[in-house]
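Q: Protein sequences, first through last, are from chains A and B.
The numbers in numbering that gives the first Met the number 0 rise by one with no breaks, and the one at position 135 of the first sequence is 134.
The numbers in numbering that gives the first Met the number 0 rise by one with no breaks, and the one at position 182 of the second sequence is 181.
Hints in this document: simulated from the structure, not taken from any laboratory.
Treat the hints with caution; some may be incorrect.
Rough simulated footprint, nothing fancy, chain A against chain B, three-plus residues with beta-carbon under 8 Å [what the hints assert, rightly or not]:
| hint | stretch |
| --- | --- |
| 1 | 193-202 |
| 2 | 206-218 |
A few chain A residues that face chain B, going by a derived Cβ cut-off under 7 Å, partial list only [unchecked claim]:
| hint | residue |
| --- | --- |
| 3 | Thr75 |
| 4 | Lys94 |
| 5 | Pro95 |
| 6 | Ser101 |
| 7 | Lys103 |
| 8 | Ser105 |
| 9 | Phe107 |
| 10 | Leu110 |
| 11 | Gly121 |
| 12 | Val122 |
| 13 | Thr126 |
| 14 | Glu128 |
| 15 | Phe130 |
| 16 | Trp158 |
In this text, a Cβ means the ideal position worked out from N, Cα and C, and glycines have one as well.
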Amino acid sequence: MISFGRRGRHDVAPSSASPGAPAVRVQDLRKTYGSFAAVDGISFDVARGEVFGFLGPNGSGKTTTIRMLTGSIAPTSGTIEVLGVDAARQPQLIKPRIGYMSQKFSLFEDLTVAENLRFYSGVYDLTGEEFTRQREYILDMAGLRGRENELTANLSTGWKQRLALGTATMHSPELLFLDEPTSGVDPVARHQFWDLLYELSGRGVTLFVTTHYMEEATNCSRLAFMYAGRVIADGSPREIRAAHAVAGRTPSLEDIFIDLVAGQRNPG
Amino acid sequence: MNGKRLRLLIWKEFLQLRRDPLFLRLAMAMPIIQLVLFGYVVAADVTNLKTAVIDLDRTPASRTIAASFAASDYFNIVARPDGEDALRPLLDRNEIALAIVIPAGTQASLERGEVAGIGIVVDGSDSSTASVGTSYASRVIAGYNALPDAGPGAKASVRVVFNQSLRTVNTMIPGLIATIMMISVLAIMSQAVVKERERGTLEQMFTTPISRGEYLVGKVVPYMVLSGVQALFVATIGTLWFRVPFYGSVWVVLTGLLLFMLTNVGMGLLISLVSRTRQQAQQMMMFVMLPTMILSGFIFPIESMPDAIKPFTAAIPMTHALVVMRGAFVKGAGFDALATPLLALAGFAVAIFGLAVVLMRRRLSE
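Taking the hints into account, I'd like the entire structure generated from these sequences.
A: Shown next as structure tokens:
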């Protein structure tokens with residue numbers, strides 16, 4: 000399934016994907032652990048350049064879906080196309096082209112800022128010139144200039160998070176997965192973080208974001224709502240609200256999702 | 000397998016090791032503390048020594064002497080070869096720890112009222128067994144002399160083969176090399192893998208072009224290097240300070256250690272697979288270490304264990320590693336004499352390391 004001899008990014012034929020392919024195309028995707036279906040037959044598309052919000056309560060299957068999309072785990076059945084490549088069959092082809100940042104701060108805490116940058120730059124096989132440029136950019140963006148030799152364990156959450164975003168994007172990915180990137184962060188830092196995300200989006204990077212926060216959901220151009228392994232609603236925030244308008248009143252996204260979950264729990 | 004990414008992973012692992020405040024002190028202190036503990040004598044009781052009796056006299060007197068050894072709890076007569084030529088192979092293969100040689104003409108000498116020497120040949124490579132065995136044997140012969148129809152003539156003359164000085168340290172240090180290697184690889188590596196999973200850095204790395212194979216090699220190599228350095232340190236202190244002789248072949252030692260290391264790498268990976276937290280990994284490690292220390296013959300001679308327990312000692316990889324290390328250091332035993340323990344180690348290495356790699360790769364892609 001996953002070969003020991005994986006090839007580097009320069010061995011890859013330049014974008015074997017058709018340029019018009021969507022960033023993500025998922026059909027009948029399923030992942031089961033024993034008799035438990037973590038992801039139970041979902042289908043959706045994410046267009047290039049979109050800010051795609053992937054919502055749902057804990058345990059609804061969001062993280063499992065992302066891990067399949069990034070090629071970290073193999074699906075039980077169904078097809079996944081990421082940037083025009085079959086993610087289940089050729090995860091090694093998509094990895095150099097995507098970025099991933101998780102809810103946990105997942106840089107090496109016992110390495111310094113500079114060492115973390117150097118590690119990931121090497122992993123993504125950046126040239127010396129690219130590395131220098133990205134390093135300067137990230138240090139400025141994260142506000143870490145002068146703190147290069149500090150252990151990342153000693154940084155506070157907002158800095159850690161911006162550094163993690165920097166490392167996740169230092170190889171200029173076409174598609175960035177963010178798994179609850181702002182959980183546990185104060186509203187001001189969250190706001191700053193979304194400014195950085197918009198900047199990335201403005202440069203044409205497709206963003207795939209999971210979140211708990213409904214005010215963040217409204218930042219997205221399109222949403223899918225997951226519950227118990229299934230997608231129970233999707234569309235733009237406006238479409239979703241319009242579809243659930245009752246007697247001329249458009250409820251908030253939060254109300255809609257609470258109603259949807261309640262409906263799933265007590266059918267009929 | 001991409002060389003650049005491997006180098007990065009290994010570089011990163013060493014950086015992390017250096018930053019671990021406890022680790023460096025532990026890695027340095029552990030060999031020293033253990034050298035002091037085990038270098039300065041650990042003694043144990045000895046019973047049921049595997050013994051060969053060579054009766055060259057074949058007289059009623061010689062049979063009585065042999066019978067008094069057979070009657071003792073300390074000796075278990077497992078072979079009765081015809082001549083002394085057969086002793087060396089038996090000792091080399093660890094089939095006996097001690098031999099009683101009753102020379103031709105013993106009865107005749109005793110009847111003439113002369114002193115008759117009874118040869119006691121001991122394997123000094125397990126020095127505690129050897130020294131205790133010798134004194135027991137002398138006691139048995141003294142007991143024979145006290146019999147009513149025997150004179151005071153029989154006299155034990157002891158010949159020690161291998162490790163003539165009977166220094167415990169000569170058997171402890173070669174064993175210690177294997178022990179420290181086991182602790183380093185097993186304990187420290189399983190901690191490192193679990194830590195990576197706990198913190199989420201593992202998940203992060205697998206979204207990058209790093210492959211499972213690269214990750215595994217990048218993880219294992221630093222700890223193999225580390226335990227190699229520690230083994231070299233213990234061996235150096237052992238030969239220079241404790242003056243442990245080295246009669247064997249370096250290749251035998253390296254082969255044995257490499258196989259034993261692979262076994263432990265496999266065990267370490269298996270531990271990290273079943274442990275969710277570092278604390279659990281620690282407990283699992285104790286679960287593995289305790290029977291290993293007790294049953295492998297590192298501290299307590301296997302000869303003196305109850306018969307019901309003995310078969311289990313063969314199921315412990317370290318048992319075989321100790322036979323190889325002690326055999327090579329003290330007896331100068333080569334590949335042919337140590338074929339059995341080396342094959343056993345190879346079996347463990349293939350089975351445990353192979354299983355670990357297969358399960359690890361499956362787990363990492365679930």
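Q: Against each hint, give a clear statement of whether it holds in the structure.
A: The hints, checked one at a time:
no.	hint	in the structure
1	193-202	holds (count 4)
2	206-218	holds (count 8)
3	Thr75	violated (11 Å)
4	Lys94	holds (5 Å)
5	Pro95	holds (5 Å)
6	Ser101	holds (6 Å)
7	Lys103	holds (4 Å)
8	Ser105	holds (4 Å)
9	Phe107	holds (6 Å)
10	Leu110	holds (6 Å)
11	Gly121	holds (4 Å)
12	Val122	holds (5 Å)
13	Thr126	violated (12 Å)
14	Glu128	violated (16 Å)
15	Phe130	violated (12 Å)
16	Trp158	violated (17 Å)
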